[in-house]
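Student: Chains as they are written, first to last, in the UniProt record's numbering: chain A, 1 to 580; chain B, 1 to 139.
Hints are computed from structural coordinates only; laboratory data are not their basis.
Computed from a prediction, not measured in an experiment: that's the story for all the values here.
Cβ atoms here follow ideal geometry from the backbone N, Cα and C, with glycine treated the same way.
Okay, the calculated beta carbon distance ranges per label pair: (1) A:Leu353 to B:Ala53: 40 to 50 Å; (2) A:Val350 to B:Leu135: 33 to 43 Å; (3) A:Phe511 to B:Glu50: 50 to 60 Å; (4) A:Pro151 to B:Ala109: 41 to 51 Å.
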Amino acid sequence: MTSGYAIVAVLVVALGTILIGTYGLRVSRTTSDFYVASRTVSPWWNASAIGGEYLSAASFVGIAGLIFAYGPDMLWFPVGYTAGYLVLLTMVAAPLRRSGAYTLPDFAEARFRSRVVRGVASVLALAIGWLYLLPQLEGAGLTLNTVTGAPDWVGALVVTVVVTVNVMSGGMRSITFVQAFQYWLKLTAITVPIVFLIVVWQVHGAESMTKPEYPTFRHDTEVRFHNPTTIHAEKSIFIKGSGEIDGLRIENSGLVLTDGYHRIGQGSLFTFPEGAAVPHVSTMAHNTNQTWAQPESSGERFPLYGVYSLIIATFLGTMGLPHVIVRFYTNPNGTAARRTTLIVLGLLSVFYLMPPLYSALGRLYTPELLMTGQTDAVVLVLPARMIDGIGGQLLGALVAGGAFAAFLSTSSGLVVSLAGVLSQDVLRLGGVRGFRISTVLAGIVPLAMTFVSTGMPVADMVGLAFAVAASSLCPLLMLGIWSTRITTIGAIAGMLAGGVPALTAGLVTMFSDTGDSWYEVLLSRPAAWTVPLGFTVMYVVSLLTQRHVPPGVQRTMVKLHAPENLGLDGSGPASADERS
Amino acid sequence: MTLPPSHDDPMQNGPAQKPAQRVVVTSPRTRAPRARRPYSGTREINEQSELGAVYMRTLIRAQRRLGLSVCLVVCGSLGLLPVLFTIEPDLGKAEVFGLGLPWFLLCVATFPMLLLAGWFYVRQAERSEREFAELVERP
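The following block holds chain A by itself, in its conformation from the complex (with noise of 0.2 Å):
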């Protein structure tokens, strides 16, 4: 699907993007402008902002196209992001802002006065905010492939030049004004194309999407195999085209694809007769659209550990991601911290209503995309397909101006906090000069990355993203917020006991392939026991290293937990300022 609207919207959106930053530069000025936006945002703007951080490459184009290939139990994805932030309004929220932190890294440290936590934390958010670059890049390029057939490294080089250059210019105060455009962006771009869609598939006359068949093609329909690809057909089909199957040349002839496995070689072009059921990609279960819209259709071997582990990793997971931190310091108090999150909770329940439409529609209308495995492109597909000529190529230029918004604004959200820390843990390099030394760095690492890691869904790779975070920052923030108890030893062992083997599990499926083992389940989806693990090692250390519980415990927990206005804790002169 190449569509010269489509590319015209990815161009308005990254130079509308430079735009506002740039009109951000001669507002921001000084350093602390540039770190926290001198915190003078406002609830709305501030909420829009996270809203438009948070929703990323797999909220947008990622979720539809796992719920399309997997059915029901991939719903999870939507309520743990949502979920997520209410665990961390209920649990972080507001003793995160009278922290007075701005980075995970200073947490640890406002915490628990040890240079060693700190640095710990700072090397995990780092794994973390690099664990979550990798899948927003990835997905540019999935999203410039689609639309221009532009090789899968343009879109990942595009998204990384265009962030660099803009927080290394505005800083954070212009990265706010941006992200916030950015949730309305994507919400329209999500949300206009989808209810002409409906209107058009009740014209059609409103199709079960939940027939005991196969998904079959609507039409002839002509398909580009990409890479090469492992299928199933259900049923023996008559195909025309040239390419490889099964190791046999076919140059311009027809071909009786029989029922069973087939391997078709890279490049390969087939046309596919109206009505036949769709082959999909081997990997995937064999499924009629009926027992798709089942849970634990997925075909995985363990579906109810996969389920709850995706449940554990999205609900804590949100609260350790760096980029999401960040936004609670530009809150002018602990109050308004959580008045933000609970706008923040309204505007993802309202955007996560669309993907599972877009879902169930691409059952019906983009079935080929089950047997080239391209699953994440359902979203930017489907409008083209579903509307004949220019209205369904406006719509589809939407969507994908959308989605490159959506890589755009969190890797942004990401390079920011990233460089946040960056440069003040590891480089060491104070001021705005550092900063934008750091920036750079921090977008060119997942750069590196993209040329090695295998092509997993988006959605899964963000997965791993937050069980790490789950299983090592979680505990750190929900145990030293709430317990007296947790000493500086016990809080590094808790990390080091979650993190390590989750990041390892998650490196492990993104760059080898561990096939089909029964231990595949527990390395692409660790957090079940990688964030108990984390939990339980964190509270016992401590209990059994009490001399080592930090200094001044009790005047941290009176920061953290009293409201700013009571003038506790000899914070005098700063809630003033605060105030005012």
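With chain A fixed as given, assemble chain B onto it according to the hints.
Tutor: Chain B alone, transformed into the frame defined by chain A:
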């Protein structure tokens, strides 16, 4: 900064040295920033006395209990769903408003519930902070 004569906290059965002539007129429900006066409770906390620690512990416990209960009720009820669908596969086939039950619950019903829980939490948390403020600012 000069400190006014010390007041005894009503929670302590202290000596009968009540500053009867002093009347503090405040409205704790005001939205305007309060003039910061070293009332007894805040000073107890700032000076890290035993009583101050008790005040803080009460607040932290109340907030922790509130946060955990909201979390447990919401996450617990959501967490039951996968088990229910496994034990009783027929539930997955049930329909509500033309949607499969799992779809209805996870796509439609969950989000308002999360919002409601969040709203309830914010209201309660702000109330308990107000009560804490009234407690420690009481002369």
